[in-house]
Amino acid sequence: MEKLIEILNNIRDDVDYETCDTLIDDGIYVSFDIISLVAALCEEYDIDIGAEELIPENFNSAKALYEMVQRLIEEQN
Amino acid sequence: MSFTSSYFLLFLAVLAVLYYLPFRRLQWQLLLAASFFYYAFSGLINLAYISATIVTTFIATLLMDKLRTAEGLSKKQIKSRRRAVMLVCLVINIGGLAVFKYAPLRFPLGISFYTLQTMGYLIDCYRAKNAEFTERNPFRLALFTSFFPQLIMGPISRFSDLKKTLYGGHKFNADSFLDGFLRIAFGMFKKLVIADRLSPVMKTNPALAVFGYAIVLYCDFTGGIDIALGVAKIFGIELAENFNAPFFSNSIADYWRRWHITMGAWFRDYIFYPLSISKPMRKLTMKLKEKAGDGAAKRIPVYIATIVTWFLTGIWHGSQWNYIVWGLANGVVIMLSQECEPLYKRFRAKNERLTSSKPYAAFTIVRTFLLMSLLRGFDLFSYPAQTAKLTVASSAIVAAAVLLLVVLGLWRHRSKDARPSRDLRLAGAFALIAAVLVFGAYGLGYDASGFIYTQF
Amino acid sequence: MKKIKFIIIPVVFLLVFFGLQRLLMPKYMDGVYDGAMPKEYYAEPKDHSVIFLGDCEVYENFSPIELWREYGISSYIRGGAQQLVWHSYYLLEDTLRYEKPDVVVLSIFAMQYGEPKNEAYNRLNLDGLRLSLSKINAARVSATSGESALSYVFPILRFHDRWQELNLTDLQYYFGTKKVGHNGYLMKNEVKPVDYIPDTSNKSGSSFSPLAWEYLDKTRELCEKNGITLVLIKAPTLWPAWYPEFETQMEDYAEKYGLTYFNMLESVEEIGLDWNTDTYDAGQHMNLPGAEKCARWLGGRLLELTALPDLRDNAVAAAVWEKKIADYERMKEIQLAEIIAYGKSKTIIY
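Residue numbers (my numbering), protein chains in the order written: chain A, 1 to 77; chain B, 1001 to 1456; chain C, 2001 to 2350.
Only chain A is shown next, with the shape it has when bound in the complex (with noise of 0.2 Å):
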């Protein structure tokens, strides 16, 4: 969780992560973070995300976004 907050804080560091969970909805997050932070995860999980997963509900939190990592992990490995 510390690793993944702290690629978030390297996309965007103005946001509160703890408890933002609105990145999307609220539009904090633009096509351009979620693009950075797709391919950031990507090389550091080595995982593949794909389309299917840009839903807001997988990107509005930290929280959100760990379950994905985590379960992207167990899927494709």
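It should be emphasised that the hints constitute simulated quantities derived from the structure, not laboratory data.
Some hints here could point you the wrong way.
As the list claims (entries may be wrong) - In the DMTMM-like style, the derived pairs of lysine to aspartate or glutamate whose C-alpha atoms are separated by at most 25 Å in a straight line are:
#1 Lys1416/B / Asp25/A
#2 Lys1291/B / Asp26/A
#3 Lys1389/B / Asp2161/C
#4 Lys1075/B / Glu53/A
#5 Lys1075/B / Glu52/A
#6 Lys1279/B / Asp1254/B
#7 Lys1164/B / Glu75/A
#8 Lys1066/B / Glu75/A
#9 Lys2179/C / Glu2322/C
#10 Lys1389/B / Glu2119/C
#11 Lys1289/B / Glu2/A
#12 Lys1079/B / Asp48/A
#13 Lys1298/B / Glu44/A
#14 Lys1129/B / Glu67/A
#15 Lys1101/B / Asp1220/B
#16 Lys1283/B / Asp16/A
#17 Lys2324/C / Glu2119/C
#18 Lys2346/C / Glu2333/C
#19 Lys1075/B / Asp48/A
#20 Lys2027/C / Asp2327/C
#21 Lys2178/C / Glu2333/C
#22 Lys1129/B / Asp46/A
#23 Lys3/A / Glu1290/B
#24 Lys2324/C / Asp2161/C
#25 Lys2332/C / Glu2292/C
#26 Lys1163/B / Glu57/A
#27 Lys1079/B / Glu52/A
#28 Lys1075/B / Glu75/A
#29 Lys1345/B / Asp1294/B
#30 Lys1279/B / Glu6/A
#31 Lys1287/B / Glu43/A
#32 Lys1129/B / Glu75/A
#33 Lys1345/B / Asp16/A
#34 Lys1164/B / Glu52/A
#35 Lys1283/B / Glu74/A
#36 Lys1416/B / Glu1135/B
Please arrange chains B and C on chain A, whose structure you already have, making use of the hints.
Okay, now just chains B and C, sitting in the frame of chain A:
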């Protein structure tokens, strides 16, 4: 059968009665029959084309589901085979669309819209976690593809949204019927009183060409969508909103989040994101990171995806070069404003009092409006030269009607979603209809000289 | 209370709708007076022995007032500007909803027009009709491109664009127009001698169209069914030319069905027409003296054909006609005075 023809209104009235009375238990089946009946008016052959789309999509989605549980295949194999099925179906349908766009054939009405919508469904089925998402009844899929209010000009619906209300079980609800009625009246007003009155003259002088065209396009398109949403609402069906006060946008990117929303969302979800997070793009990012640093690595893939998306958006609008240039120009402006964002940020930070003031907000809105009008110039090229004159009386009516739109827009903006009372909505709808009846640009026009007595 | 309001709003809308429709309809009170005539029929007592159908060949060439004065025949002209054969048929259908005349006199001049020609003339002939299936069918048969039958049910759909051209007469005659016709006759008193007679020998007319024949047949059959004597006439006006081919076709038709057909051009002397004094536009239409001569002649022929009641002994009818004659004579005096003063008459409506 155009939305503004009297026959369409008659069709609608008959359908509404059938829908809520004898066909209460067969509502979606009735809508399917009505949609095919409606579409048949644009040419019987069109029914064959849309049926081909429905059948290929239906078969492809079932095949993809069957493959999920195929024995003796590894996960990877399953994935690649499902992908192959999807791609074949995509190629058939998008290829068909391309043939009609480029070949000198009669263009089937609405094919651009229903192809996107159905292909969106196909991709959603491919992406879905399990087989439950897939529609197993081909006739229900047929209704999703052919639902007549959205068939000709959108909005482009997503299956997961539309299926909530499309498939019947609606009791007559006076409130939502009234909402639909008012919305149809408002759409008619925009189309007939403003767009159709202005469009035959907009190329006759430069000021009209810039502002008039923006107004015509807005009133014609949003008016048509208002009618589509209103018609659906009469049947208790919720279509996605396609506009969110686009002329109040403060940047081009913002504009595209407010104008033709469902199309923008389609290209974003099915082209832009998949492309920008695809493996080749990620590899490119890695490479750029090593060689050109973080900034370039972050930007270049996104920009490539942006350009491709806008190129395709341009082609989708029309096959002529001016549409492609128009699409690319949109992409370039969005990229430029993205590049300038740090500058803006600093400017805003330094001049907080100015940039948070109302005049500045108004300035950004006017700036965006002008920029969009300029971009549309590419589009206007394809219009034939015009010779009709705008009469004084006609321009007064258009001006008054536009003023009414602005006032209503501002009022809606301020009051958020507050709904006026039923009486007010009903009275408003009738007032709009009366205005359309008298001031609408329809029928043969009245030329008194045609009635002059020639002694026969 | 809430329910009531919900009903009031649509009712107000309907009032506004029909109010606007009335405002936007042309009133035909400042020119194109022919357009105001078709609706005048409905206000008349329905005791006509003779109904005329046709274009200006009837409504400018026969004076029903003279028919009454001379023979006591009660007649009405259901004419219209360039009334086509199918217009005439549906006007007969419409007439039969109100009364059953003994004789129908049909001008066959329009047989030469084989298809719907001009939207404006459809409106002039049909807008004045009360709403009925006949009216809607007439609109459908007559429709030129872009015309919809619906716009005859709701004429606002056709005339809404007149908001740009509304003038004072639209307000002045909002609640009712003045009268134009004298039992369907449009009075003209000017005199313009004939200076040219078209030569019909060098040019030939053509065969009448199937549509024209179809509606002539329908008219004949409708008369037969109702025991009405159908009389076909060609008024004695000199032009537009009536070609020998037209004449042959009409004569053959009349013979085939045992109908009476008068080509009044052949009886000019018997009628007593003087081409120097009896036409107001050099031979295309009769003026008042010409129309009276034509009426006298035709009345005599009709009485030879069939017995028509002399209603002059009927006190009620006589009172109605006395008023008609007074209006007619007054209009004649006004027009004659205007012709002396201005060289042409200005007053038509009364």
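Okay, the hints, checked on the actual structure:
{"no.": "1", "hint": "Lys1416/B / Asp25/A", "verdict": "holds (19 Å)"}
{"no.": "2", "hint": "Lys1291/B / Asp26/A", "verdict": "violated (35 Å)"}
{"no.": "3", "hint": "Lys1389/B / Asp2161/C", "verdict": "holds (15 Å)"}
{"no.": "4", "hint": "Lys1075/B / Glu53/A", "verdict": "holds (18 Å)"}
{"no.": "5", "hint": "Lys1075/B / Glu52/A", "verdict": "holds (17 Å)"}
{"no.": "6", "hint": "Lys1279/B / Asp1254/B", "verdict": "violated (29 Å)"}
{"no.": "7", "hint": "Lys1164/B / Glu75/A", "verdict": "violated (31 Å)"}
{"no.": "8", "hint": "Lys1066/B / Glu75/A", "verdict": "holds (20 Å)"}
{"no.": "9", "hint": "Lys2179/C / Glu2322/C", "verdict": "holds (16 Å)"}
{"no.": "10", "hint": "Lys1389/B / Glu2119/C", "verdict": "holds (24 Å)"}
{"no.": "11", "hint": "Lys1289/B / Glu2/A", "verdict": "holds (23 Å)"}
{"no.": "12", "hint": "Lys1079/B / Asp48/A", "verdict": "holds (13 Å)"}
{"no.": "13", "hint": "Lys1298/B / Glu44/A", "verdict": "holds (16 Å)"}
{"no.": "14", "hint": "Lys1129/B / Glu67/A", "verdict": "holds (16 Å)"}
{"no.": "15", "hint": "Lys1101/B / Asp1220/B", "verdict": "holds (22 Å)"}
{"no.": "16", "hint": "Lys1283/B / Asp16/A", "verdict": "violated (30 Å)"}
{"no.": "17", "hint": "Lys2324/C / Glu2119/C", "verdict": "violated (33 Å)"}
{"no.": "18", "hint": "Lys2346/C / Glu2333/C", "verdict": "holds (12 Å)"}
{"no.": "19", "hint": "Lys1075/B / Asp48/A", "verdict": "holds (14 Å)"}
{"no.": "20", "hint": "Lys2027/C / Asp2327/C", "verdict": "holds (21 Å)"}
{"no.": "21", "hint": "Lys2178/C / Glu2333/C", "verdict": "holds (18 Å)"}
{"no.": "22", "hint": "Lys1129/B / Asp46/A", "verdict": "holds (21 Å)"}
{"no.": "23", "hint": "Lys3/A / Glu1290/B", "verdict": "holds (22 Å)"}
{"no.": "24", "hint": "Lys2324/C / Asp2161/C", "verdict": "violated (37 Å)"}
{"no.": "25", "hint": "Lys2332/C / Glu2292/C", "verdict": "holds (12 Å)"}
{"no.": "26", "hint": "Lys1163/B / Glu57/A", "verdict": "holds (20 Å)"}
{"no.": "27", "hint": "Lys1079/B / Glu52/A", "verdict": "holds (13 Å)"}
{"no.": "28", "hint": "Lys1075/B / Glu75/A", "verdict": "holds (10 Å)"}
{"no.": "29", "hint": "Lys1345/B / Asp1294/B", "verdict": "holds (20 Å)"}
{"no.": "30", "hint": "Lys1279/B / Glu6/A", "verdict": "holds (23 Å)"}
{"no.": "31", "hint": "Lys1287/B / Glu43/A", "verdict": "holds (12 Å)"}
{"no.": "32", "hint": "Lys1129/B / Glu75/A", "verdict": "holds (12 Å)"}
{"no.": "33", "hint": "Lys1345/B / Asp16/A", "verdict": "holds (20 Å)"}
{"no.": "34", "hint": "Lys1164/B / Glu52/A", "verdict": "holds (21 Å)"}
{"no.": "35", "hint": "Lys1283/B / Glu74/A", "verdict": "holds (23 Å)"}
{"no.": "36", "hint": "Lys1416/B / Glu1135/B", "verdict": "violated (37 Å)"}
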